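So the sequence lines, in the order shown, correspond to chains G and V. Numbering of the first sequence is given in the numbering used here, commencing with residue 1482 and proceeding in unit increments. Numbering of the second sequence is given in the numbering used here, commencing with residue 1482 and proceeding in unit increments.
If you are wondering where the hints come from, they were derived from the structure by calculation, not from laboratory data. All of these numbers come straight from a predicted model, not from anything done at the bench. Among the clues, some could well be false.
Since copy identity is lost for identical chains, a pair holds within one copy or between any two.
Keeping only pairs whose Cα atoms sit at most 20 Å apart, straight-line, the calculated DMTMM-like set for lysine to aspartate or glutamate is [said to hold, decoys possible]:
#, residue 1, residue 2
1, K1582, E1666
2, K1636, E1511
3, K1636, D1605
4, K1589, E1545
5, K1739, E1723
6, K1662, E1688
7, K1739, D1676
8, K1589, D1684
There are 2 protein chains.
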Amino acid sequence: METITARNNEKIKYAVGLRREARLRKESGEFFLEGARLCYDAAISGIQITRAFFTPPALEKYGEYIEAVKKVCPECYETSEQAAEKLGETENAQGVFCICKAPPSAEKELTPGGRYLALENIQDPANLGAICRTAEALALDGLIISGGCDIYNPKALRAAMGSSLRMNFITAGDLPAFLAKAGKEGFLTLASVPDSRAVSIKDAGLEGGVICCIGNEGAGLTPETQAACKIRVTIPMGGRAESFNASAAAAILAWELKR
Amino acid sequence: METITARNNEKIKYAVGLRREARLRKESGEFFLEGARLCYDAAISGIQITRAFFTPPALEKYGEYIEAVKKVCPECYETSEQAAEKLGETENAQGVFCICKAPPSAEKELTPGGRYLALENIQDPANLGAICRTAEALALDGLIISGGCDIYNPKALRAAMGSSLRMNFITAGDLPAFLAKAGKEGFLTLASVPDSRAVSIKDAGLEGGVICCIGNEGAGLTPETQAACKIRVTIPMGGRAESFNASAAAAILAWELKR
């Protein structure tokens, strides 16, 4: 294994860039992963790992996890703790890091009869990650992701507890057009809204393929996306609450899709 | 209105202590609230506000919210921005802060036929706050809180979006004993566990009063609490996910309690 000791090493800089900049992730199609378990999850989930960094203490402590990464990664570096310090985002960085290729997610076919959530401009990475974790736990067929959702943000990756590495993501550059096409293919398309006049999700008559759209934490779904859906659905609310947290709404909606 | 300009003012120090220290919150029975809207919510929700601090810019900008606070609060201080700097936790502090009395929550009666979640040692304040917000939105009759849940942590208060100021909290010092007593009074007590052999929550036959217990993020429910419940329930999982996020699980369980 080659060694990296310099903090200003170009490979370290590129990895830090991937961690920090959504734009670089988008342009390169790569993302940064931190933590022994997450890197291991990537390796055994068939994610393409292009480069990995391990500190000497990590090589001793996380031998088994690191072996799995080494098996699939062509470029592994023993990285001094000083250099690795720049890589770690969390307080207790474990000294295991890798760069992964984001699996291609555009122009995938929907599974006929499948159940999907579509996420439009969800901003909070913790929400995004939590929704991904819930979607996997409830065995949804996939998550349809609009442009504004940064699923490979490091915080989102951590909140997802590895589920982002196994989830079937489908990128919809133009979500209303995507929904219109899916509707023609027989999918029931739902716009979830905090509006007591909309149909309760439990009365929406879910049969066959369903896509349920969830909007931005503050602004909700765009009018265009709402217009592209066949039904407006809601989770009936009581009390003085004005809305659900996006990941709580997603949990209830995903549960109803699979109930 | 009296004025505070010194950063080392004792009243400011006490407020910062309430913000930072769970122990001081517990001992004093008071908590600290930050933000114009949250302080306003406290004032109109009948929460006893014992002291409030406003910066000069806040007095101009949040006049309406501050008026509501002044109406119910016996001790209001115009606080220099320098002194208020110590008070603010969030990056964009609005310059509106107050100290509130936590409403008494022990030894309350359960509403016959009511639907409750009981939270045992939920550690993440963001989870606690999100669960509170969901519980209010779904109009649960209350949240039963075990010793290990710090509902007045500032992060929990923010995540709850004001719902903590309106929620019916019931403190259970000894949760297993509380559940045993409720069980004798006719409540169906449920222990939610990530165990595929447990009864699916949708088949649990929820009738009459129900208390559903949710455990710590890592360790789950204690064996004592599980033993004190009549039924072990679960949210069936697919995929390779090992568990739900506590607030996602709470959302699905609360939804089923009220469905």
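How the hints compare with the structure:
1. K1582 to E1666: So K1582 and E1666 fail the 20 Å test inside a copy (31 Å) and across (57 Å) alike.
2. K1636 to E1511: Classified as within; 16 Å inside a copy, 33 Å across copies.
3. K1636 to D1605: Both ways: K1636 and D1605 sit 9 Å apart in one copy and 15 Å across, limit 20 Å.
4. K1589 to E1545: Classified as neither: same-chain Cα gap 34 Å, cross-chain 52 Å, threshold 20 Å.
5. K1739 to E1723: Answer is between: at 18 Å across copies they meet the 20 Å cutoff, but 26 Å inside does not.
6. K1662 to E1688: within (18 Å within a copy, 43 Å between copies)
7. K1739 to D1676: between (23 Å within a copy, 18 Å between copies)
8. K1589 to D1684: This pair counts as neither: shortest intra-copy Cα distance 30 Å, inter-copy 36 Å.
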